[in-house]
Amino acid sequence: MLSRSSEFALDVELTCPHGITCIMGPSGSGKSTILAVLAGLQAPDKGRVALGNQVWLDRASGIDVPVHKRRLSYVFQGLALFPHMNALHNVEYGMQHVPRMERAAKAKALLDRVGVGHLARRRPRTFSGGEAQRVALARALARSPELVLLDEPFSALDRELRAQLVALVRDLSKDLAVPIVHVTHSIAEARQLADQIVRVDKGRVVARGKADEVLAGVTTLEE
Amino acid sequence: MERASSLLDSLRAERGEIARFAITLAIVIGVIAYVQSQGGIVWEPMALSLRIALLSMVLTLVVGTALTVLLMWKRLPARDLLDAITSVPLVLPPTVLGYYLIVSLGTESAVGRAWQSVFGGQLIFTFKGAVIAASMGSLPLVVRSVRIGLESVDASYTNAARTLGAGPLRVFFTIVLPLAAPGVIAGGMLGFARALGDYGATMFFASSRIDGVPTASIAVMDFFYGNHEAQARQMSFVMTVVGVGMLYLANRLTRRMHPNRA
Chain A
3 MLSRSSEFAL
13 DVELTCPHGI
23 TCIMGPSGSG
33 KSTILAVLAG
43 LQAPDKGRVA
53 LGNQVWLDRA
63 SGIDVPVHKR
73 RLSYVFQGLA
83 LFPHMNALHN
93 VEYGMQHVPR
103 MERAAKAKAL
113 LDRVGVGHLA
123 RRRPRTFSGG
133 EAQRVALARA
143 LARSPELVLL
153 DEPFSALDRE
163 LRAQLVALVR
173 DLSKDLAVPI
183 VHVTHSIAEA
193 RQLADQIVRV
203 DKGRVVARGK
213 ADEVLAGVTT
223 LEE
Chain B
1445 MERASSLLDS
1455 LRAERGEIAR
1465 FAITLAIVIG
1475 VIAYVQSQGG
1485 IVWEPMALSL
1495 RIALLSMVLT
1505 LVVGTALTVL
1515 LMWKRLPARD
1525 LLDAITSVPL
1535 VLPPTVLGYY
1545 LIVSLGTESA
1555 VGRAWQSVFG
1565 GQLIFTFKGA
1575 VIAASMGSLP
1585 LVVRSVRIGL
1595 ESVDASYTNA
1605 ARTLGAGPLR
1615 VFFTIVLPLA
1625 APGVIAGGML
1635 GFARALGDYG
1645 ATMFFASSRI
1655 DGVPTASIAV
1665 MDFFYGNHEA
1675 QARQMSFVMT
1685 VVGVGMLYLA
1695 NRLTRRMHPN
1705 RA
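Chains as they are written, first to last, in our numbering: chain A, 3 to 225; chain B, 1445 to 1706.
Chain B extracted, bound-state conformation (with noise of 0.2 Å):
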């Protein structure tokens, strides 16, 4: 009952917020929407994307979260080494992102092996696959956004809260991760955005095909080529409209925890 209303306060002083995100959704809706009838949109890559965004979202932010906390331990040996490995897909090739994943988690390697003894079946050109692809092209911006949210909070607030009797969980879950959220929310809406748009390594790794279906990037391609064009046109109209909206909220939420910048 307390926490229903507490719910409920946060939920009233976020309304401006939460209308902007309501508003944002249904503009890209809208379009596509709009795409669809004008002669239709092939539904099938849309929506092999987005699943595999949506569950990449989930992983980055759950694994993205933990990295994080992890690099900002001040004692953690060769901490800058890792934050720049960690950061390093920003800058490599995906084709070499993809070749690190086969290596590290193909049929020959020992994640491999192990994955296929445990759960009988294997991560390469699978969807599991196309979702580990997609995460790591994402887990860097999820990493630096969930970051600055994390710096955002007052050290006062976990001081306080270590003062009234919390322990180091208890501080990190009911203060420092809901005062971050907004970077939190923010790194989940970057790392979707940058999912749904990964080619080269889900390429490499998953295979041009998962289950028969390609996904939305790899059929802008496969349409465009196959003389496709207005498919291939609104499919990249499609993304574009999802990529914008999504990078505009994220902006949004990261200016909140810096209001003077510009």
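Isolated chain A (complex conformation) (with noise of 0.2 Å):
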């Protein structure tokens, strides 16, 4: 994929296999807007995007899926709540594909399945940080997602509730069996969750592989 900043050209490759990818980078060298490629949030000058054999992107053939025919979920870093919904409601909107009168069941179990059944009819604006972390997790999980995305989803909190989120996140990515892509500056985080990881500077990928390889003597990003 390639596309245009003010600063930089975003020229990257990626092959994310199930499981987790993290991609990691200093601040402004375009992970996020990786994520928004992939979603189709953002368009390419140029660029493939493939999911399996989906083709989601191919500006040589004039194919642009839109973004809500793409099976994916997005953990955005501001998480973006509907805030005038509550948990429940959240975790329903995204899905449409289950039959109505299931949805409250399902949506339900989620909360429960990440630890936050009990804000089931609580607005947003009343969760702690980490609260919301997790219904933001279970309206990601609610759309049966082929790719999750999470743009550094735990960067607000504290280390202790940030050891529980990965711990989750790891789990959860056991069960889904899709791929994962983790935007994240923290090494520890890194570290912890990465089946694969990828560092990219300036819109380019500077490294890749395994943790122990890509990380190997790395106590300190950039950034």
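For the record, the hints were derived by calculation from the structure and aren't laboratory data. Treat each hint with caution, since some may be false.
As the list claims (entries may be wrong) - Here are the computed lysine to any residue pairs in the SDA-like style, where the Cα-Cα straight-line distance is at most 20 Å:
1) LYS71(A) - LEU1613(B)
2) LYS1518(B) - GLY119(A)
3) LYS71(A) - GLY1556(B)
4) LYS71(A) - PRO1612(B)
5) LYS71(A) - ALA1470(B)
6) LYS71(A) - ASN1603(B)
Hey, can you piece these two chains together into the complex? The hints should help.
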């Protein structure tokens, strides 16, 4: 994919197998843009995005599947939980593929699965940081996604909460068996989560491989 | 059931605002009742104006919201020009608006003739005509307010909805419109207040009497020059109270969308 921003051209080639791919790199290196292109929220000048046999974007042949038809989930950095809906309705929102009568029960089960079933009737503004993250994860699962995109979802949390949620994402990734692309700044988080790490800088991939290989000797990332 | 409980949640969360709305309404009704007890106001013109303003509010909200969405579409050709044309009733003399209405919707116009052949009547000099005339002045106010509302909706919510499988219409009706509600409601109130006080365009297009009754704003002048100054005063006072009440509530709602604005 090739996407132009004001500072540099994003030029990356990525293959994400099932499991968690962590994308790391300094701020402004193009990490979030990669997710936006995968989701279809941003259109690259040139490029191809395919999930298995489904081609979502191919500039050369004029294919550009609209965002809402790409079966993916995206947890945004700010989470973007709908403020006018309670947790249950937030989760149900992504369940158009589920018969109406079954949605509430399934949404409640998902909230229970991530440990926030008791918040079902409450609005996002009453949630703590960790609770909001969990509801956002439940909403992401509701779509039965074939690809999950996580854009630094835990960046605002303290170390303890972050550890709990990293463990939760690890568990969920085993259940889901789909590619999960996780953008993060945290080396600790990447070591715990990643099946594959991709480091990007100024819009280009500078290293790729298993956590031990890519992060050997790395203690901080230039940010 | 789900939707009902969600509505109940919303109402509970907004109880402060609902209380403020109810108090304002109570004050307005109280003032009208007091004026009534002090010798009475002539109700027919007031009732006629309220009916016109209410229908005009519904009309301008529907048309205005659609127009706003169109004007916010970045690829619309000549967008700034259309935006200016939509806003121009704010600065044009009401008589000019009335003139345009007669030219475009009168008995000699294509629209007027089409209306006549479909509905068997005319628009000019009728109640419907008065609603349209009053709406002309309100539309720019409604569009401006609805636009502030729509623009206040953070793109992250619409993006989230799209990634959750919602197409453009579902995103608009379930995310954008509910989150923009304060702006849309404020627009409705401004439109109502403006339509209630319309004079020039109504006079020009719908005449000074609709089925024999003048609108409240026309009645004020009729009373004054007909040596019924007390009635002119009462009518003016009631309209002022309704106007202040509406603008007060509209300002409150607009400020909610920009909490940092003074």
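*Indices of hints not satisfied (ascending)*: Checked against the structure, the hints that fail are numbers 2, 3, 5, while the rest are satisfied.
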